[in-house]
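Knowing the structure of chain A, use the given hints to seat chain B on it.
There are 2 protein chains.
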Amino acid sequence: MRVGFIGFGEVAYSLSKKLLQNNVDVVSSTKGRSEKTKQLAIDSGVKIVNSYEKVAKLSDILISSTSPKTALAIAKNYGILSNGIFIDLNNISPKTTKKIATFFGGNTSSADFVDGAIIGKVSSNNSTILVSGENSDKIAILNSYGLNVKIISEKIGDASSIKMLRSIYTKGITAIIHETFQAAEHLDLSNELFETIAITESEDFIYKSKSRINSLATSKSRKSEEMDEVLDFLKSIYDEDGLEFNSIMSEAVKNKFKSLKKFDF
Amino acid sequence: MRVGFIGFGEVAYSLSKKLLQNNVDVVSSTKGRSEKTKQLAIDSGVKIVNSYEKVAKLSDILISSTSPKTALAIAKNYGILSNGIFIDLNNISPKTTKKIATFFGGNTSSADFVDGAIIGKVSSNNSTILVSGENSDKIAILNSYGLNVKIISEKIGDASSIKMLRSIYTKGITAIIHETFQAAEHLDLSNELFETIAITESEDFIYKSKSRINSLATSKSRKSEEMDEVLDFLKSIYDEDGLEFNSIMSEAVKNKFKSLKKFDF
Numbered sequence: 001m002r003v004g005f006i007g008f009g010e011v012a013y014s015l016s017k018k019l020l021q022n023n024v025d026v027v028s029s030t031k032g033r034s035e036k037t038k039q040l041a042i043d044s045g046v047k048i049v050n051s052y053e054k055v056a057k058l059s060d061i062l063i064s065s066t067s068p069k070t071a072l073a074i075a076k077n078y079g080i081l082s083n084g085i086f087i088d089l090n091n092i093s094p095k096t097t098k099k100i101a102t103f104f105g106g107n108t109s110s111a112d113f114v115d116g117a118i119i120g121k122v123s124s125n126n127s128t129i130l131v132s133g134e135n136s137d138k139i140a141i142l143n144s145y146g147l148n149v150k151i152i153s154e155k156i157g158d159a160s161s162i163k164m165l166r167s168i169y170t171k172g173i174t175a176i177i178h179e180t181f182q183a184a185e186h187l188d189l190s191n192e193l194f195e196t197i198a199i200t201e202s203e204d205f206i207y208k209s210k211s212r213i214n215s216l217a218t219s220k221s222r223k224s225e226e227m228d229e230v231l232d233f234l235k236s237i238y239d240e241d242g243l244e245f246n247s248i249m250s251e252a253v254k255n256k257f258k259s260l261k262k263f264d265f
Numbered sequence: 001m002r003v004g005f006i007g008f009g010e011v012a013y014s015l016s017k018k019l020l021q022n023n024v025d026v027v028s029s030t031k032g033r034s035e036k037t038k039q040l041a042i043d044s045g046v047k048i049v050n051s052y053e054k055v056a057k058l059s060d061i062l063i064s065s066t067s068p069k070t071a072l073a074i075a076k077n078y079g080i081l082s083n084g085i086f087i088d089l090n091n092i093s094p095k096t097t098k099k100i101a102t103f104f105g106g107n108t109s110s111a112d113f114v115d116g117a118i119i120g121k122v123s124s125n126n127s128t129i130l131v132s133g134e135n136s137d138k139i140a141i142l143n144s145y146g147l148n149v150k151i152i153s154e155k156i157g158d159a160s161s162i163k164m165l166r167s168i169y170t171k172g173i174t175a176i177i178h179e180t181f182q183a184a185e186h187l188d189l190s191n192e193l194f195e196t197i198a199i200t201e202s203e204d205f206i207y208k209s210k211s212r213i214n215s216l217a218t219s220k221s222r223k224s225e226e227m228d229e230v231l232d233f234l235k236s237i238y239d240e241d242g243l244e245f246n247s248i249m250s251e252a253v254k255n256k257f258k259s260l261k262k263f264d265f
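Here the protein sequences come in this chain order: A and B.
For the first sequence, position 208 matches number 208 in my numbering, and the numbering has no gaps at all.
For the second sequence, position 95 matches number 95 in my numbering, and the numbering has no gaps at all.
It is worth saying that the hints were derived from the structure and are not from the lab.
Incorrect hints may have been included.
Which copy is meant is left open, so a pair is good if it fits within one copy or across any two.
What the hints assert, rightly or not - Using 25 angstroms as the maximum straight-line C-alpha spacing, the simulated DSS-like pairs for lysine-lysine come out as follows:
| id | residue 1 | residue 2 |
| --- | --- | --- |
| 1 | K150 | K98 |
| 2 | K138 | K31 |
| 3 | K235 | K261 |
| 4 | K38 | K210 |
| 5 | K95 | K150 |
| 6 | K138 | K47 |
| 7 | K208 | K121 |
| 8 | K208 | K95 |
| 9 | K99 | K138 |
| 10 | K36 | K121 |
| 11 | K150 | K210 |
| 12 | K54 | K155 |
Just chain A, same shape as in the assembly (with noise of 0.2 angstroms):
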């Protein structure tokens, strides 16, 4: 079996070192990249070839790992040529994946295409590749070489809903954090604050809470711009059924992390 990549940032990167380690060939490309991603495809071991296309028509389980912005392009270019099957990666919405889905079957591609979302930091062990679509399980053979798959359904979109959910729920504890901890900082309460509300929370609380308040110094408008994107998908799966969402807290986190102005604690 053969795992290709496009793109070599960091999840290829994470990626393949684990696939590697487990017997399996991987094989990328770095043609037109940076010199940084080129270091970075050299350093893990893959084998390198000089085209997508080459990558494409190599690979069992081609991934596409660039990003959002490109995902689309990669999947029509190159995602319809793998021998096996497709999944992306790249951290698109729910609707970008369906439209992704139209370029297979028939007579576009002789290939499969599988909806994929990354939980968790994909360097870490406890990281997770969600998937759904009915061809997920071609994609769950890889808990066989060092991964973590889980497969969510048969329905492409599924996966990236989940992360698109999930997102609803961290971006809000990190704007409900910063708010809570910049009012204790007012009243130099905020150690005490931390040490007591990991009384009932769990051990990590603290350290997690500091590394979530201080992503935001660097984060914050990208984070405001993904909240945008979170209210269009709100949106939009209410639509289809005529209904309208409470979405009050989403608005909220949206807006706070807007009108964020300083990060002095």
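Using the frame of chain A, we list chain B on its own:
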């Protein structure tokens, strides 16, 4: 040493049980109380006297555990009669706590006052009594008699401020979880979402979240009103310094609870 309780609900019952097991004399009165309260006091095994004045005068540590509404009157009428120290464990605001503090010291009372707040379910083993004020150490000796007491600072108001700040966090999490899982339920993906978030959160995430969602069915009005108090509190601590606080999340939590209609998942 003798500990007295004014008000004999769950707090007094749980704390006196631990104190009695550690050979502390515990005294209370059930004058004018409901049959249910009388039975609870009898079951607990505490000594019952026929007036609240007596409870106060007999107690080295006098604990008020009635209700936020009556806290001020209890402190004024009986708290000041304590033989040693008076602590309020009702869920009152830092403002009310500071008001109570004015009844003590000087010619009014020979007793001392300590700000107190219970964190966690009082019947559980990890519940903690936060205390603040100059005489906190006189409550902290209860650590030798089966209770968990933690000194926050020498400032009256700090323990109840921590409780108030913690409530921004806990209610915020509840509101976020409710919104996230309502959307997931709409897509028939709530179990999958619970399991996915549990990968990176603590093990009891699923149990805790379901219990948070379920609790809203009976507590949304009360929680919305409590958020009004939180917002007053936030406003007041910033007003003092001529500043304005970005309370987008807390306002959203209040509005979320207020707008909830039904709980169909």
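For a quick check of understanding: which of the numbered hints are violated here, in increasing order? 2, 4, 8, 12
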